[in-house]
Structure formats: structure tokens, C-alpha cells
Amino acid sequence: MSEVLIHPPLDDETVKRLHAGDTVSISGVIYTGRDAAHKRLVELIRKGEELPVDLKGQIIYYVGPTPARPGCVPGAAGPTTSTRMDAYTPALLERGLKAMIGKGQRSPQVVETMKKHTAVYLAAVGGAAALIAKKIKKVEVVAYEDLGPEAIYRFHVEGFPAIVVIDCYGNNLYETEPQKYARN
Amino acid sequence: MREIAVDQITEAVKRLCLLANYRLGEDVIQKLESAEREEKSPLGKKVLQQIIENDEIAARDEVPICQDTGMAVIFVELGQDVHVVGGDFTRAIDEGVRRAYVEGYLRKSVVSDPLFNRKNTGDNTPSIIHTSIVPGDRLKISVLPKGFGSENMSALKMLKPSDGVDGLKDFVLETIVKAGPNPCPPVIVGVGVGGTMEKAAELAKRATCRRLGEPNPDPRYARLESELLEAINRTGIGPAGLGGTVTALAVHVEYYPTHIAGLPVAVNVLCHAARHAELVI
Ligand code: SF4
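As they're listed, the protein sequences go chains B and C. With numbering that gives the first Met the number 0 applied, the first sequence covers 0 to 183. With numbering that gives the first Met the number 0 applied, the second sequence covers 0 to 280.
Keep in mind the hints are simulated off the structure, nothing from the lab. Just so you know, not all the hints are guaranteed correct.
To be verified - Calculated pairs, BS3-like style, for lysine-lysine (alpha carbon to alpha carbon, straight line, at most 25 Å):
(1) B:K55 to B:K114
(2) C:K139 to B:K134
(3) B:K114 to B:K38
(4) C:K44 to B:K179
(5) B:K179 to C:K107
(6) C:K44 to B:K134
(7) C:K44 to B:K133
(8) B:K55 to B:K115
(9) B:K133 to C:K107
(10) B:K136 to C:K45
Please model the complete structure; the sequences and the hints are all you need to start from.
See below:
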């Protein structure tokens with residue numbers, strides 16, 4: 000287990016150095032998006048229109064934060080269940096998205112597309128929302144403000160903690176690790 | 000007849016929603032700490048340390064423990080000698096929820112129509128209210144803000160009486176294994192057995208808010224709880240589903256008489272952000 004410091008945007012070389020089981024600490028800019036925003040992005044791609052964010056090399060964090068108390072940025076901001084984004088993810092990976100942060104399994108199709116386009120899936124600890132919020136230094140709305148907590152935000156983060164769960168080689172911690180501790 | 004004004008109810012519900020979302024009970028914190036000591040996986044230990052640190056930050060800074068501040072599930076025990084005055088009882092409860100979620104910077108996660116127009120109601124109402132009438136002149140309110148990462152992993156099955164204890168165990172285990180990392184393990188598993196379909200579901204939900212570590216008073220059910228806990232922790236799912244020896248902090252089983260032809264079993268999964276607050280007026 001080693002800790003890797005990463006600074007988006009990410010290139011293929013950086014992604015290839017990340018292995019399932021590594022813990023990473025992210026500093027720089029990441030984007031947020033949940034189902035509703037994903038749906039809109041994929042609709043734009045289908046229509047051949049331009050996206051509100053250039054996804055090349057970027058990280059999307061699946062999160063719908065709580066509203067910020069005055070003087071706090073943001074409220075609590077832990078990961079949401081990633082499966083709900085599975086249907087939309089391949090289209091974004093094809094657009095150059097390099098990493099996703101969420102919690103829970105991904106579909107086989109997402110994993111295959113990740114391998115093909117050299118991308119990585121990271122998990123943040125579900126329910127560690129107050130701790131994660133401390134690592135978010137600045138929040139800006141990028142698009143779809145009407146969606147409230149589901150809008151696309153730009154987070155400026157410092158030392159955001161995550162774990163590489165599925166690497167670009169298809170190794171999947173959710174499959175390998177529980178087996179090691181299973182006692183029948 | 001003792002009179003209780005609806006304003007008091009609104010105020011109590013508001014306080015409980017805020018308290019539950021910012022601060023975990025001592026029982027949950029203690030279980031998380033002992034889980035951290037016992038966990039064999041280094042990564043699992045690290046996850047538990049993050050969770051404990053998170054809960055400390057949330058309580059200290061009055062930030063929600065989790066960004067999914069849930070749908071508010073409210074259990075009310077209304078003494079039959081209480082007269083609620085000054086307004087509508089249900090509305091008073093929802094008003095408390097509304098104030099907590101709007102004024103307390105909690106996330107509004109309720110949509111008005113489940114199927115056709117999933118429009119956010121903007122104030123996290125309505126809540127889910129379970130009321131029982133009991134002897135006495137007191138009013139007890141319990142609030143459980145329930146996140147849907149774990150709620151979505153819950154399940155109900157109408158078993159056959161012949162399926163028995165083994166059938167129940169298989170179903171509980173199957174539900175937890177299928178849930179894997181999604182409900183944010185380590186989880187608390189509430190099992191409701193017996194009654195009718197909706198009774199089993201309600202029992203399962205009630206089971207999740209029993210004080211952690213307190214076994215069912217019936218020794219047969221207490222033994223079932225510890226056997227289920229052991230079996231779940233042998234799955235290896237571990238903290239955050241990343242492998243380990245602690246998958247559940249507790250299993251609570253509640254039961255009720257049922258029909259000669261049935262064995263309903265409901266499993267309600269609650270995440271480590273096991274938020275729950277109650278008070279008596
Ligand atoms: S399952 Fe619980 S801890 Fe996990 S994100 Fe949902 S509410 Fe938070």
C-alpha cells in the first residue's frame with residue numbers, strides 16, 4: 000500500500016502507474032456530477048454538441064453535497080453510489096475522462112471501457128463526508144445550477160483521500176480483497 | 000388529559016433531525032472504535048479510522064456526518080392521555096423536518112412523485128411517520144434520517160414456514176453479500192420476522208434503531224443475532240467493501256406472531272452513519 004500524490008489533469012502515464020490498492024491524495028481541480036448531470040452530458044454528446052466542461056484528463060467525483068453554512072465550503076461531501084452512473088460513463092470515458100471517484104461496484108461495460116481508454120476508478124470512503132469536505136477549499140458552479148446539489152461543480156481540493164479500486168488493467172479490489180478475508 | 004401543543008412537537012422534531020445528522024450515539028461510536036481495534040485488514044483499519052475521524056469532525060463543527068442526510072423516518076409513541084392541541088399533528092412533524100433541513104443546512108433529498116415527475120420538494124418533506132398509541136400521558140419521538148445508499152440494499156421475502164431458521168439465515172446473508180460495498184459497511188442489519196408483509200418491514204426498520212450491543216431479550220433470538228453477525232463478518236466484505244473482518248457492527252432481530260401459512264422476513268440495512276435521536280415530551 001503506497002500513497003500516490005496526483006494532480007489533475009491526468010495523462011495516460013499517470014493512470015498507468017496507479018494500481019488497485021494504492022491510496023491516492025488528490026490536489027487541484029476535480030468536477031462533480033451525479034445521474035441528472037450525467038444524463039444531460041450524454042444527451043449533448045449524442046447530439047454532437049459541445050460540453051460545458053472539457054473532460055480531457057479530468058476527474059469526476061460522484062457527489063451531491065449538503066448546502067454550505069456561511070463561511071464553510073461546501074457542507075458535507077462524501078461519495079454516492081456509482082452504479083447509477085454506469086449507463087452514462089462509457090460515453091464520458093470516450094471523451095477523455097480519466098478518473099472517477101465514487102463508492103461501490105461498476106458494471107463490466109464500464110470496466111472494459113476504462114481498460115480501453117486507460118482510466119481509473121477511485122473510491123472515497125462512503126459516509127466520510129465531513130472529513131472529505133475539509134479537503135475542499137473552493138467550490139464553483141460550472142453548469143446546471145438548476146439541479147441544486149446535483150449541478151456540476153468545480154472543486155479545488157488539497158489532499159483529497161481516495162483509494163484505487165479498479166485500475167486501468169481491470170484489477171478490482173472489490174473482487175480480490177473480500178476473498179482474502181472470507182472464512183467459510 | 001395532558002395537553003401538548005403542536006409547536007412543541009415541531010420544535011422537538013427539528014432538534015432531533017439536527018442532532019441526529021451531526022452527532023452519532025455513544026453506542027455507535029463505541030462499536031466503531033472496537034471494530035477499528037479488531038479489524039484485520041490494514042486498509043479496512045484505515046477506512047474505520049477515517050470514519051471515526053469524520054464523526055468527530057461532524058460533531059465538533061456541526062456539519063452533517065454524511066451528505067445524504069436522508070429521508071426522515073419518525074417513530075412516534077403517543078400516550079393515550081395526551082391531547083394534541085393548536086394544530087395538525089402530522090403537519091407539525093413535517094414542519095419540524097422542514098425547519099431542520101432548510102435552516103440546518105441539510106440536503107433536501109425528497110422528490111414529490113416517485114415515478115413520473117421526480118421533482119425535489121425543496122424542504123425534505125414529507126417524512127415517513129409511524130405512530131403508535133400507548134398507555135400514559137407522554138409523547139416519545141424518535142427520528143432516523145435514512146440515507147438511500149443503504150435503504151436501497153434492503154429486501155423482503157415471503158419465506159415458507161418450512162424454510163425455517165436456515166432459510167432466514169440464507170436470505171439475510173444473500174442480501175448482505177449482494178449489497179457488497181454499496182450500503183457503506185460496516186452496517187447494522189435490522190431483521191423483521193413474522194407478521195404480514197408490511198409488519199415485517201416495519202419491524203426490520205425498528206430493529207435498526209435498537210441500542211447497539213443490546214441483544215433481543217428472547218435468548219433464542221439473541222443467539223440467532225450473534226450467529227448472523229458472525230456469518231456476515233465471515234463474508235470478508237469488510238469496511239467500505241474493501242475486504243476485512245468487520246462487515247457488520249450488529250444484527251438486531253425483531254419478531255411478531257404470524258399466519259400459519261407464512262414466514263415473512265424483511266432485512267433493513269443501515270450504514271455506519273447510523274443516525275438516530277429521540278426524546279420524550
Ligand atoms: S449509505 Fe449511509 S454512509 Fe453511505 S452515503 Fe448513504 S447515508 Fe452516507
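Hints, one by one, checked against the model:
1. B:K55 to B:K114: 16 Å, holds
2. C:K139 to B:K134: Measuring from Cα to Cα gives roughly 39 Å; hence the hint is violated.
3. B:K114 to B:K38: 23 Å, holds
4. C:K44 to B:K179: Given pair K44 (chain C), K179 (chain B) holds - Cα atoms ~15 Å apart, limit 25 Å.
5. B:K179 to C:K107: With a Cα-Cα distance of about 39 Å, the restraint between K179 (chain B) and K107 (chain C) is violated, given a limit of 25 Å.
6. C:K44 to B:K134: Judged against 25 Å, a Cα distance of about 21 Å means the pair holds.
7. C:K44 to B:K133: 21 Å, holds
8. B:K55 to B:K115: Distance of about 15 Å is within 25 Å: holds.
9. B:K133 to C:K107: 21 Å, holds
10. B:K136 to C:K45: 23 Å, holds
In this structure, the earlier hints numbered 2 and 5 are contradicted, and the remaining ones agree with it.
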